[in-house]
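Enquirer: Residue numbers (the numbering used here), protein chains in the order written: chain A, 501 to 636; chain B, 501 to 636; chain C, 501 to 636; chain D, 501 to 636.
Please keep in mind that the hints were generated in silico from the structure rather than gathered at the bench.
Given the structure is predicted, the values throughout are model-derived calculations rather than measurements.
Be aware that one or more of the hints could be misleading.
All copies of an identical chain are treated as equivalent in the list; a pair is satisfied when it fits inside any one copy or across any two copies.
As the list claims (entries may be wrong) - Derived pair list, reagent style BS3-like, types lysine-lysine, alpha-carbon separation capped at 30 Å: (1) LYS549 <-> LYS615; (2) LYS615 <-> LYS581; (3) LYS549 <-> LYS581; (4) LYS619 <-> LYS549; (5) LYS619 <-> LYS581.
4 protein chains.
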Amino acid sequence: MVIYERPVRMEDIDAAGIVFFPRFFVYAFEAMEHFVNDVPGRHLELFTKERIGFPVVRAACDYRVPLRYGDVIRMAISVTKIGTTSCSFRYDITRVPDGADVATVEHVVVATDLKTLTKIPLPDDIRSLLGAHLIT
Amino acid sequence: MVIYERPVRMEDIDAAGIVFFPRFFVYAFEAMEHFVNDVPGRHLELFTKERIGFPVVRAACDYRVPLRYGDVIRMAISVTKIGTTSCSFRYDITRVPDGADVATVEHVVVATDLKTLTKIPLPDDIRSLLGAHLIT
Amino acid sequence: MVIYERPVRMEDIDAAGIVFFPRFFVYAFEAMEHFVNDVPGRHLELFTKERIGFPVVRAACDYRVPLRYGDVIRMAISVTKIGTTSCSFRYDITRVPDGADVATVEHVVVATDLKTLTKIPLPDDIRSLLGAHLIT
Amino acid sequence: MVIYERPVRMEDIDAAGIVFFPRFFVYAFEAMEHFVNDVPGRHLELFTKERIGFPVVRAACDYRVPLRYGDVIRMAISVTKIGTTSCSFRYDITRVPDGADVATVEHVVVATDLKTLTKIPLPDDIRSLLGAHLIT
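Please build the complete structure, drawing on both the sequences and the hints.
Expert: Put into structure tokens, the structure is as follows:
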């Protein structure tokens, strides 16, 4: 399990005064970047140099507690499935410091050649990293 | 079934040159607003005057075809479930004009008193509107 | 002068309940797209087929009246300067229907080859269009 | 002078593959928050407890070098003017690590009672903080 923390920012808030629900998926993307950056800069290197990205083919979120400006979230990142070209992540989101159970995001990403937008096998180092955090 | 169309905008695009996946949930929100605005201005009236909103408790999307700047999407809005305080929407997204099957978004919203953030029964007119578009 | 109208959307609002100030520049971009689309689809054609874009080299906004969710804005688009490779736009923003004087955005854009990110002369049809709306 | 650093994120990028120009104003807002948080949590405390915010009445940016996904920016924050209710900030943005001169953002903010949206004198501690970073 890998941990990613970030504050709720002004631009995340909607007219109801709470985080606009699509923003949780932005948080999930950032958390995945953070996960891949177990070797610092690895996500950028894949993206920019090797032209490999991880587009999402399925994403879902359950929302339990609304978030407000200034809240800090803690995302516990797990891997729930590893395929040949795809993998599944789960992000258990709690609020810091009170530990409130805020939301769970899940998404499935596919290793993709960004030049052709076709799927490719997961890079070896990413597969190893995923394996180290697979929960069963 | 209600139809909502909108263009893919510059700000929807990410560094891979395709629509950033959280944006599909922004599209879903806009489509729901459009649905509620069967009586023009009704969503705003609920939100601003009656202080009733529809926060999302679950959202999911399946992504099949990537979208690019300038694409136009057509969202076919259906109601899949009506509860006492909540309801479920499905948005079948195709690309105009070729009809490509782009994505399906589903979300569950809960009628909510925005002053207290507590759930309330669906307003009568909204319940009727939902019923007219319920698919089984 | 060309007119562009659009509603204030949920995602435009910040934690203070008013439009987050950077969003006015998103509105300006949309208005410029609308202006270039005097021939429908022209902005997209330039961008996608001819790989010509109009990056901003200077942008400024004066804010006078805060906007809220559900407000509708009317942007009056003028051209204030036409150079060889660049031009300047002004957007006078009022609120519909009361005509409140909301804000003025100005920005300078440069015709740019998107493959090389180098500046190029303004395309002839765009130069003509700009000329038709130049104020002095 | 106070320094704020942050990476260019996936959502900051537009269809031209560079940071969408309105995002620089989001960066400026974050930098101002960081500045006010000289006492950690002070911006949030003002906003949430005292209901004091700093809406922008004027904002401007000069853009010199386009930014791409993965770039890191360094914002040098200065105060250029202190009034009774308002103050002016300048953010000199360079790219890390090569020091490229990317952009300059300036904005004027007004201390505001968020309940009534009326201007108020700058809080004393904020005035002192501003004074410590005033350039002439």
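Enquirer: What label fits LYS619 with LYS581 when the C-alpha limit is 30 Å: within, between, both, or neither?
Expert: Answer is within; shortest intra-copy Cα gap is 17 Å, inter-copy 35 Å.
Enquirer: How would you classify LYS549 and LYS615 at a CA-CA limit of 30 Å: within, between, both, or neither?
Expert: Result: close both inside a copy and across copies, 11 Å intra and 18 Å inter.
Enquirer: Tell me, please, which holds for LYS619 and LYS549 at an alpha-carbon limit of 30 Å: within, between, both or neither?
Expert: Cα proximity of LYS619 and LYS549: in one copy and across copies (17 Å, 26 Å).
Enquirer: With 30 Å as the alpha-carbon cut-off, assign the pair LYS549 and LYS581 to within, between, both or neither.
Expert: within (27 Å within a copy, 40 Å between copies)
Enquirer: As a check of your reading, is LYS615 near LYS581 (CA-CA no more than 30 Å) within one copy, between copies, both or neither?
Expert: within (26 Å within a copy, 39 Å between copies)
In this structure, none of the earlier numbered hints is contradicted; all agree with it.
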